[in-house]
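Chains as they are written, first to last, in our numbering: chain A, 1 to 431; chain B, 1001 to 1186.
Hints may be right or wrong, so weigh each one.
Stated by the list, open to error - Footprint (simulated), chain A over chain B, 3 or more residues, beta carbon under 8 Å: (1) 1027 to 1038; (2) 1059 to 1072; (3) 1103 to 1111; (4) 1119 to 1132.
Hints in this document: simulated from the structure, not taken from any laboratory. Just so you know, these numbers come straight off a predicted model, no measurement behind them. Glycine included, each C-beta is placed from N, C-alpha and C at the ideal position.
What follows is each chain in one-letter form.
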Amino acid sequence: MTQKILAAHAGLKAVKAGDLIEANLDLVLGNDVTVPPAIDVFYRTGATRVFDRDRIVMVPSHFAPNKDIKSAEHCKKMRLFAAAQAITHYYEQGSKGMGIEHVIVPENGLVLPGYCMIGADSHTCTDGALGAFATGVGSTDLGCAMATGQTWFKVPQAIRINLTGELRPHVAGKDLILYIIAKIGVDGALYRSMEYGGPGIAQLSMNDRLTICNMAIEAGGKNGIFPVDQVTLDYIREHAPQAYAEHRYQIFTADPDAEYVQTLDIDLAEVPLMVARPYLPENGADVRQVAASDPAAIQQVVIGSCTNGRYEDFKVAAELLRGRQVAEGVRCFIIPGSQAVYLRCLRDGLLADFVDAGCVVGPPTCGPCIGGHMGVLASEERCVSTTNRNFVGRMGSPESQTFLAGVPVACASAVMGRIASPDELPALVKA
Amino acid sequence: MSENLVQPSQTQANCLLSGKLYCYGDNVDTDVIIPARYLNTTDPAELARHCMEDLDADFAATVKPGDFIVAGQNFGSGSSREHAPVAIKASGIALVIAASFSRIFFRNAINMGLPILECPEAAAGIRPGDNLKVNLTEGWIENLSQHTRYQAAPFPEFIRRLMAADGLVGYVRGKYSFGPAEEAKA
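Make the full structure from the sequences, and use the hints.
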């Protein structure tokens, strides 16, 4: 699938793994950390106007709401550039459609099946969930792409991940991707495309698919990609109604005899609730195992991020936290991934459930996931987080520890004050 | 952000690297190369002051121009932050040799002009204190201390064109002309 999308965007009949190609881009994405240096690169190319003001997305999401003067200057530099270039998809803090970039790109209908897109953020691979080719790049790539609308790619080899069976209760996309990374390692998909297929995918919601593709980079992957099916079409009908009506998307399918360097067969029923111990996302294991071997207290829980910051994630969280209390000694941060997610959670009463349970509810931001602001860890502190990386110092002090998990494990851990499975939660007494 | 840095074309010829070797293991991620808490700046010198801070607290204080890094698999994994190769380059590191690189780090290094070589044999064989002679264009590394020679996979022709153009910006400047027509279109 990836190879077909790349060939189509390079104006070639076919490409093969290892080819170096120059491809046209449908969408180019950046944030308040990566756009400021890209602006300097843009002008150094000699360009004065961006290639297409409708195909560039800019979001102040990382250190916004501005955490200090330097971050404020970065946001200002991006804001002024976006205004000068009349960038259509610049999302100011608080504006409708604003949020964490990888939450809002699909939510606002900016990515469509068949797109070829880059973003100066490693989690750009999230958008492969819609049957697009999406990959992360650096600021030089972004600056040049803003000028030319093109970039260079090495055509990746593909790994096929064949899914069958059904997920067990509470188990979701996050557990599946942590399970896959535990199997193949943090460089198991290095330079490769992770292509999903098989009868098991039909039951995976778009939320699950976005989470799964989001963490392709955590296996070293160039991109993750799902085939386009009814779930995809229903999603774009809702989020990009005009593009859907005008059929402005393209469905690419993998050939039956497509070449894969590796095939993984996974029965979804074998996937447990997962926790990845510090300091690599590949250190994943069954939550029961981790809970039994590591009963020490935790001090923080984060629910949100580009990995698990969509409405469905908070719906699950509210069902588990409603009527319960965050344990003493634990700070639980709830961070809706976009203004739209925030508003829906507010209107549906979910935010009240969270505040009642003793959580802090914050605005859409990448803040705590990168140890930037709004929930930075001190030394010796331990955090269960629905984010994507548990590297040394990722969420704060290099002496802190982050355990990656899905939403149900994060909620159970918040209530129990230690790493816990939702099965351990005491039953609620009906009033 | 790579202004004032040595461009790759200046380092492509044979060069003798006798600087200090900084030796690291597998999966050196961009969060330890330059922690996100310092990404509120793009100043190469300031980034260099915090380079490797969470992995090797002595690095920034001891590194000198011409020193080099040798590491294992998947160097530069994680975040796409170009601040990572910028910090390494601004710290004076002349070359990074690794068994493999994460793909975003690889393209960032090529694009902004941090010399890198992918060579598992060299990554496994080189020891602290070894003196190296390197030819980046041909991709060989001679270990003068151990009297051995390693051959890195040569860069494909397209990558060599990028490097010869001083990175992606130079390549784009040569390939595209952004005339008044562009402005009129916008």
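Verification of the hints:
1. 1027 to 1038: Three-residue rule met by the segment 1027 to 1038 of chain B, so holds; n is 7.
2. 1059 to 1072: Not satisfied, violated; 0 residues make the cut.
3. 1103 to 1111: holds (count 5)
4. 1119 to 1132: violated (count 0)
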